[in-house]
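Asker: The whole structure should be built from the sequences, with the hints applied where relevant.
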Amino acid sequence: MLEIDNVTMRFGGLKAVKDVSLTVAAGDLAGLIGPNGAGKTTLFNVVCGQLRPSAGRVLFEGRDVTGWKPHRSIRLGLGRTFQITRPFGRLSLLDNVVIGAMCREKSLDRARQAALGRLAQVGLADRAQDTAQNLPLGLRKKLELARILATRPRMLLLDEVMGGLGPREIEEMSRTISQIHGEGVSIVLIEHVMPAVMSLCQRIAVINHGELIAVGSPQDIRADRRVIKAYLGESVAGDSPGGQGSAAASQTAAQAAAQATTASSATEA
Amino acid sequence: MTQAPRSQAPSHQAAPPLAADARTVRDPAAQAQTARDPAAGGGGGAPAGAPDAATPTAEGSSAAGSNDAAASAAAEPGGRLSAAAPAALGLAALLGLPALLEGSPFYLEILALVFLWGAMAGAWNIVSGYAGKFSLGHAAFFGLGAYASSILYARGGVSPWLGIPVGMALSVALAAFIGLVTLRLKGKYMALCTIAFVSLMEILAVHFRDLTGGSEGLMVPYEPGLANLTFANDHEKLVWAYVFAALALGVFLLCRRLERSPLGYRLAALREDEDAAEALGVNTLAVKLTSFGLSAALTSLGGSLYAQYMLWIEPQYVLSMELSTQFALFAIIGGVGSAVGPFLGAGLMFPLLTLSRSAFPGLPPGFNMLVYGLALIVAVLFFPKGLIALGPPLRRLARLIGRTGRARLGRRPAAGETAAGLNAAEGPAGSSHA
Numbered sequence: 000m001l002e003i004d005n006v007t008m009r010f011g012g013l014k015a016v017k018d019v020s021l022t023v024a025a026g027d028l029a030g031l032i033g034p035n036g037a038g039k040t041t042l043f044n045v046v047c048g049q050l051r052p053s054a055g056r057v058l059f060e061g062r063d064v065t066g067w068k069p070h071r072s073i074r075l076g077l078g079r080t081f082q083i084t085r086p087f088g089r090l091s092l093l094d095n096v097v098i099g100a101m102c103r104e105k106s107l108d109r110a111r112q113a114a115l116g117r118l119a120q121v122g123l124a125d126r127a128q129d130t131a132q133n134l135p136l137g138l139r140k141k142l143e144l145a146r147i148l149a150t151r152p153r154m155l156l157l158d159e160v161m162g163g164l165g166p167r168e169i170e171e172m173s174r175t176i177s178q179i180h181g182e183g184v185s186i187v188l189i190e191h192v193m194p195a196v197m198s199l200c201q202r203i204a205v206i207n208h209g210e211l212i213a214v215g216s217p218q219d220i221r222a223d224r225r226v227i228k229a230y231l232g233e234s235v236a237g238d239s240p241g242g243q244g245s246a247a248a249s250q251t252a253a254q255a256a257a258q259a260t261t262a263s264s265a266t267e268a
Numbered sequence: 000m001t002q003a004p005r006s007q008a009p010s011h012q013a014a015p016p017l018a019a020d021a022r023t024v025r026d027p028a029a030q031a032q033t034a035r036d037p038a039a040g041g042g043g044g045a046p047a048g049a050p051d052a053a054t055p056t057a058e059g060s061s062a063a064g065s066n067d068a069a070a071s072a073a074a075e076p077g078g079r080l081s082a083a084a085p086a087a088l089g090l091a092a093l094l095g096l097p098a099l100l101e102g103s104p105f106y107l108e109i110l111a112l113v114f115l116w117g118a119m120a121g122a123w124n125i126v127s128g129y130a131g132k133f134s135l136g137h138a139a140f141f142g143l144g145a146y147a148s149s150i151l152y153a154r155g156g157v158s159p160w161l162g163i164p165v166g167m168a169l170s171v172a173l174a175a176f177i178g179l180v181t182l183r184l185k186g187k188y189m190a191l192c193t194i195a196f197v198s199l200m201e202i203l204a205v206h207f208r209d210l211t212g213g214s215e216g217l218m219v220p221y222e223p224g225l226a227n228l229t230f231a232n233d234h235e236k237l238v239w240a241y242v243f244a245a246l247a248l249g250v251f252l253l254c255r256r257l258e259r260s261p262l263g264y265r266l267a268a269l270r271e272d273e274d275a276a277e278a279l280g281v282n283t284l285a286v287k288l289t290s291f292g293l294s295a296a297l298t299s300l301g302g303s304l305y306a307q308y309m310l311w312i313e314p315q316y317v318l319s320m321e322l323s324t325q326f327a328l329f330a331i332i333g334g335v336g337s338a339v340g341p342f343l344g345a346g347l348m349f350p351l352l353t354l355s356r357s358a359f360p361g362l363p364p365g366f367n368m369l370v371y372g373l374a375l376i377v378a379v380l381f382f383p384k385g386l387i388a389l390g391p392p393l394r395r396l397a398r399l400i401g402r403t404g405r406a407r408l409g410r411r412p413a414a415g416e417t418a419a420g421l422n423a424a425e426g427p428a429g430s431s432h433a
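Protein chains in written order, with numbering that gives the first Met the number 0: chain A, 0 to 268; chain B, 0 to 433.
Derived from the structure by calculation, the hints contain no laboratory data. Note that the Cβ used here is the ideal one computed from N, Cα and C, for glycine as well. One should not assume that every hint holds.
If you anchor each label on the Cβ, the simulated ranges turn out as follows [said to hold, decoys possible]:
#, chain 1, residue 1, chain 2, residue 2, range
1, A, Gln218, B, Ser260, 50 to 58 Å
2, B, Ser260, A, Ala119, 21 to 29 Å
3, A, Leu136, B, Ile202, 50 to 58 Å
4, A, Gly61, B, Ile202, 47 to 55 Å
5, B, Gln315, A, Ala54, 50 to 58 Å
6, B, Ala175, A, Arg74, 21 to 29 Å
7, A, Arg56, B, Ile376, 51 to 59 Å
8, B, Val379, A, Asp108, 35 to 43 Å
9, A, Arg56, B, Gln315, 53 to 61 Å
10, B, Ala175, A, Arg62, 28 to 36 Å
11, B, Pro360, A, Ser106, 57 to 65 Å
No more than 20 Å apart at the CA atoms, straight line, and that leaves these computed lysine to aspartate or glutamate pairs for EDC-like [unchecked claim]:
#, chain 1, residue 1, chain 2, residue 2
12, B, Lys185, B, Asp274
13, B, Lys187, B, Glu321
14, A, Lys68, B, Asp274
15, A, Lys68, B, Glu273
16, A, Lys68, B, Asp272
17, B, Lys187, B, Glu273
18, A, Lys17, A, Glu210
19, A, Lys17, A, Asp4
Answerer: Right, here's the structure in full:
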């Protein structure tokens, strides 16, 4: 369904994404993980048209969408959320979602109906009239999701929709994601909350320093030495762990990753 | 008149996202509740429609106006009369005031220009308020409109009725060009860049003197007749007051409609977060160009009409930064992103600017600018969101006084008219800051 073909993204001298190739099949629920600054969001930006890649192509359902403006690819059904939520601050939650719904509905009334449905789906129906800028982070993430769902995507790229959420909110969000996936939407999610990634995703891709270092099932990824190394460094992955690594070495990469990025997921809050 | 009541209904139903308000959008249940309790929330109590356009009328006549009287009377339509009442009062004021002022050409001229500048600030507001793309280049469209129709008329004998659409088309083309160059820029960078186009146009107008008359200006032939959009001296000012009033009403109604249209939603999305809007399927470039073109066309229309009104234009005025700034200023003082704000701003500031010039004849020149400047500072300090921010407190006051002082209202029809405008103004005001 989505084919990322040898994509490279350069910013001046920096290669944020290096020659990454990845395919996501229809019906997949895939994870994209990697340490902070690995190039995950940049890859999303390339796929969704916020950035035009320096090299390589992006195909969506066989069509070359490389460098398409986001408003065009969303019409094909390729949508994304932003890591740092970007609500239309001075508009109501409902209006926020209506703007997404207008992507498919010509009439405002029908867009409004659709929007109310999406708000209900993420559990925000009772706050439809609130102004978006006053929402706490957890609800903003839900709003972001409702908004993009209203565009009726067939593939969703979710950029850290759980970042900064509490355990209960994470559980809720996981359920919502499963439900969306159940409705036939293919999903790729960037996430640092490892337990959620491991339980949700059928397939996980790992990026480090802009390079794809591993793709596989959660079990494979957990055991992958390169992944452990990417998250915790050479010494931990090697035979003689030093310093704080002695305990961590015995952990799976996934657990380690979860620890290593606790701080990062809190940053947005 | 017949349109006004009808425009009420959607005002509750449809959301005006442009007014930057959450609460005006209501689901059916909340709507029903609003209908029962007109005092509830933003947009509920203040029926807003055509009458808002009359606000400049009110403001124009009584400059700052007596808030007290205004507020007390405002309670009436909000409380007891049907929604049509403020619309009727507003239209009556719009139609009546020019006639009332006919005896004093000075004030009639001020009134006429309040309508014109209000409409121009309203046109500016479409792209710079609703869409948040700040332009200081709108004099380019005003001047282009003025020159296009005037040159065609003076040099080619083409009726201004034909020259006006030509000017508007040229302005849309110019807007598309300026837009493609500047609309990708954010905030102040766009503003700075648009300034350049005004200067460029002025230089062109001065340079091609055979066509434009150069810096001495261009005289528009005086051949009274409707076909030439020129009016004989006796009732000239009155007719123009009505022409500009119609323009103002048109711009106002267009903005109200825009607020409740899909394009309005897209403009609001653009203003709030361009990237997010794009990611949700809004073709931001198309939306920007559409709003810029619409805004430019209206500004051009105003320019052509202004040329016919003055029968003389000079590049130093119709293509000046001063004029560009004035459009922005009136809208900002009144409140950007609302349909009525620009008219409030023009209604307050233009008379102040003009009257302060004549009010201190003994004082050194420039004193009026001091007064004007002070007024500006006061406005910015105390009403950073524009005069429309006065809406909610005024409405509360109105409700309070409305309960106790209803008896007074009957004897003050004039104040009632003023209030109709102000009260209606609370619609969008309540929306933006509720």
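Asker: Each hint should be assessed against the structure and marked as holding or not.
Answerer: Hints, one by one, checked against the model:
no.	hint	result
1	A:Gln218 - B:Ser260: 50 to 58 Å	53 Å, holds
2	B:Ser260 - A:Ala119: 21 to 29 Å	26 Å, holds
3	A:Leu136 - B:Ile202: 50 to 58 Å	52 Å, holds
4	A:Gly61 - B:Ile202: 47 to 55 Å	53 Å, holds
5	B:Gln315 - A:Ala54: 50 to 58 Å	54 Å, holds
6	B:Ala175 - A:Arg74: 21 to 29 Å	24 Å, holds
7	A:Arg56 - B:Ile376: 51 to 59 Å	57 Å, holds
8	B:Val379 - A:Asp108: 35 to 43 Å	40 Å, holds
9	A:Arg56 - B:Gln315: 53 to 61 Å	55 Å, holds
10	B:Ala175 - A:Arg62: 28 to 36 Å	29 Å, holds
11	B:Pro360 - A:Ser106: 57 to 65 Å	59 Å, holds
12	B:Lys185 - B:Asp274	12 Å, holds
13	B:Lys187 - B:Glu321	17 Å, holds
14	A:Lys68 - B:Asp274	10 Å, holds
15	A:Lys68 - B:Glu273	12 Å, holds
16	A:Lys68 - B:Asp272	16 Å, holds
17	B:Lys187 - B:Glu273	16 Å, holds
18	A:Lys17 - A:Glu210	5 Å, holds
19	A:Lys17 - A:Asp4	11 Å, holds
The structure fails none of the hints (numbered hints given earlier).
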